[in-house]
Amino acid sequence: MNPPRHVSHDYARVYVWEQPVRWFHWINAATIVVLGVTGWLIAKPPVFLVSTEASFNDWFGQVRFIHFVAAYVFTANFAFRLYWSFAGNKYAHWRNFFPLTARQIRQIGEVLRVDILQSTREAVHTLGHNSMAYFTYAGTGLLTVFQIVSGFALYAPMSDAWLPALFTWATPLLGDEFSLRTFHYAVMWAFTVFTIIHVYLVFYHDYVEGHGVLSSMVGGWKFMEKKQIASEETAGLSPYPKPRSRVPVAPPRPAKTG
Amino acid sequence: MNSPVLAPAPVPTVYEQMASRGVSRRDFLKFCTWMGAYHGLENDGTAQIARAIETKRRIPVVWLHFQECTCCSESFLRSSHPIVADILLDKISLDYTETLQAAAGHQAEEILQDVITRHKGEYLMLVEGSVPLAADGCYCVVGGKSALDTVREVAAGAKAIVAWGNCACSGCVQAANPNPTGATPVHAIIKDKPIVNVQGCPPIAEVMAGVLVHLLTFDRLPQLDSLGRPKAFYSRRVHDTCYRRPNYDAGLFVETFDDENARKGYCLYRVGCRGPSTYNACGTMRWNNGTSFPIQSGHPCLGCSEAKFWDNGPFYQRLTNFPGFGIESTADQIGLGVAALAAGGALAHAVLTNVRKRHDIGEQPGESPADLDPNPTASEPPQKP
Ligand code: SF4
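Same order as they appear, the protein sequences are chains D and U.
Each step along the first sequence adds one to the number in my numbering, with nothing skipped, and position 127 is 129.
Each step along the second sequence adds one to the number in my numbering, with nothing skipped, and position 167 is 220.
Any given hint could turn out to be false.
[Claimed, not checked] Below, in silico cross-link-like pairs of lysine-lysine (DSS-like), each with a Cα-Cα straight-line distance of 25 Å or less:
#1 U:LYS109 / U:LYS317
#2 U:LYS198 / U:LYS284
#3 U:LYS173 / U:LYS109
#4 D:LYS229 / D:LYS92
#5 U:LYS212 / D:LYS46
#6 U:LYS284 / U:LYS317
#7 U:LYS109 / U:LYS212
#8 D:LYS229 / U:LYS410
#9 D:LYS228 / U:LYS361
#10 U:LYS244 / U:LYS284
#11 D:LYS92 / D:LYS228
#12 D:LYS46 / U:LYS109
Derived by calculation from the structure, the hints in this document are not laboratory data.
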């Protein structure tokens with residue numbers, strides 16, 4: 003093999019997704035799949051022609067049981083992620099999820115131009131998610147909250163536990179249990195659509211940007227040219243103030259952006 | 054009093070009236086036991102009921118009819134124990150009720166005025182039917198007064214209000230989308246009086262009787278749930294007391310009304326049963342003297358004791374039309390459509406991306422065949438800004 007003849011692009015390895023974030027992601031993914039499949043079965047159970055008596059079967063009860071257990075895991079996992087958005091590193095911080103700074107809003111526009119309109123080939127390089135992705139996850143967070151609230155509200159009549167009882171107020175908001183159930187089911191579809199787009203986009207970003215985003219949710223590392231890292235840091239994508247004790251490395255500000 | 058209906062004075066107790074009608078002591082106690090059991094009272098509750106009925110004077114009752122089909126009255130009259138209807142309709146001094154009273158016209162309206170002035174603060178107001186608010190209430194006018202005026206006037210002096218059936222509790226079919234007459238339940242109009250919502254289309258006769266007996270016996274409202282329904286009868290779902298429930302847990306479902314599973318009496322969940330979200334006592338009390346109830350007859354529960362049950366159609370599907378997407382589109386159709394769109398979009402995008410990526414390959418060292426050239430020339434890699 004010949005040594006590369008060009009100058010090195012000087013990639014750096016950055017530990018972006020800490021272990022708790024990765025655990026959250028995969029537990030979340032697994033529970034969503036389980037909840038989606040069991041939820042689908044609960045809404046539309048297949049009909050079997052069998053000659054056994056009811057006392058020898060309880061598959062539908064089991065499916066519902068799995069749904070409820072997965073729901074508890076899903077909820078606890080989400081609660082943990084909320085905590086981690088305060089305790090975790092800057093890429094996991096809650097402020098990323100809301101486009102509060104001009105820089106974030108501008109980046110949403112840039113991402114849409116590159117990914118959807120494809121009017122420019124200049125990729126947006128970010129270490130965490132890009133602002134558009136963060137914002138989308140705020141949306142799925144809302145859906146998650148809705149599923150948790152509506153799910154427990156629907157579950158409350160069958161349970162004596164205190165947790166579901168906390169959500170009974172949700173039923174009258176949507177009129178009645180039946181409507182609530184319809185919405186709970188519809189949001190399952192929203193998650194399905196999200197999953198399709200999400201999985202595609204992760205592949206796409208890995209494919210065109212080469213930062214290793216696909217594997218980053220496994221190992222936590224992303225890879226980026228030092229130059230890009232520096233420009234991202236100066237652009238101040240992470241909108242919250244850094245801890246005072248740490249003096250940020252100050253790479254030269256790009257003379258003009260725009 | 055100019056009306057013979059209001060003549061009796063001194064007012065006899067309910068029991069005295071029953072006895073004079075030939076009700077035996079034994080039948081009377083049986084009835085009291087029965088009512089006690091319905092309310093889930095302890096043994097001595099029966100004695101309490103008996104004592105109350107023996108000693109209490111009749112309560113004046115005004116039973117108003119608005120937008121309704123009279124099925125609540127019909128249900129009540131078909132109460133399994135004839136004595137129930139008898140004491141309650143005949144003996145609790147039903148002073149005014151459009152369907153049953155002998156009086157008509159001005160005479161009837163006079164009686165109503167008489168009751169609400171003479172028994173101010175004492176009488177029970179029972180309402181059957183919803184109150185139309187659209188077009189100044191012109192869709193329901195009795196004796197020259199709109200239902201809204203009557204309901205306000207009568208409620209003002211009522212001790213408590215009992216809303217009979219889905220119409221009075223949540224508007225029923227006439228309040229279904231688009232609710233042309235502005236049909237409104239009583240609790241949405243009267244805010245300052247205790248209201249008991251006796252849900253159902255119609256409510257079960259024994260439930261109606263039970264609520265009245267409770268009011269008569271204890272002189273206070275029964276325990277109500279967050280929607281104002283008596284907990285004794287509406288705290289459990291039809292699904293929880295349904296005898297087909299083992300089939301539900303076993304995943305044995307009827308798919309069509311004429312299949313083998315229907316003949317076996319499997320669960321009706323797939324054919325639209327609303328039992329899992331309907332609070333009523335059908336599974337335990339049943340109808341028509343405990344003979345049967347819809348599910349026992351092979352028909353899924355329609356959820357008639359829930360608000361908006363007409364809008365949650367079609368009745369024979371578990372998945373309903375999804376609000377806001379026009380008729381006949383369920384969450385599934387919409388969801389599948391959007392998912393297909395997303396998948397299609399991803400596919401098209403992937404093709405475009407590949408075209409684009411071709412430009413990017415070769416940008417980095419080692420990527421293009423030219424890099425393998427042992428004799429490099431002075432070509433520099435394109436620099437990123
Ligand atoms: S028939 Fe209806 S109420 Fe009975 S178990 Fe099945 S779903 Fe529940």
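Holds or violated: D:LYS229 and U:LYS410, Cα atoms, limit 25 Å. holds, 21 Å
Starting from U:LYS109, check that the Cα of U:LYS212 is at most 25 Å away, please. holds, 16 Å
Starting from U:LYS284, check that the Cα of U:LYS317 is at most 25 Å away, please. Given that 25 Å is the threshold and the Cα spacing comes to 33 Å, the pair is violated.
Keeping to a limit of 25 Å between CA atoms, is the pair of U:LYS109 and U:LYS317 held or broken? violated, 51 Å
Keeping to a limit of 25 Å between CA atoms, is the pair of D:LYS92 and D:LYS228 held or broken? Satisfied, since the Cα-Cα distance of roughly 18 Å is no more than 25 Å.
Next pair to validate is U:LYS173 with U:LYS109; report whether the Cα-Cα distance is within 25 Å. Cα-Cα ~18 Å, so holds.
Does U:LYS109 sit within 25 Å of D:LYS46, going by the straight-line distance between their CA atoms? violated, 54 Å
Please work out if D:LYS229 and D:LYS92 have their alpha carbons no farther apart than 25 Å. At roughly 20 Å apart (the allowed maximum being 25 Å), D:LYS92 and D:LYS229 satisfy the hint.
Below or equal to 25 Å on CA atoms is what counts here, so check U:LYS198 against U:LYS284. This hinted pair is violated, its Cα atoms lying about 35 Å apart.
Measure nothing beyond the straight line between the CA atoms of U:LYS212 and D:LYS46; if it is 25 Å or shorter, mark the hint as holding. With a Cα-Cα distance of about 48 Å, the restraint between U:LYS212 and D:LYS46 is violated, given a limit of 25 Å.
Tell me if the straight-line CA distance from D:LYS228 to U:LYS361 falls inside 25 Å. With Cα atoms ~61 Å apart, D:LYS228 and U:LYS361 exceed 25 Å; violated.
Quick one, are U:LYS244 and U:LYS284 close enough, alpha carbons at most 25 Å? holds, 21 Å
Hints 1, 2, 5, 6, 9, 12 from the earlier list are contradicted by this structure; the remaining hints agree with it.
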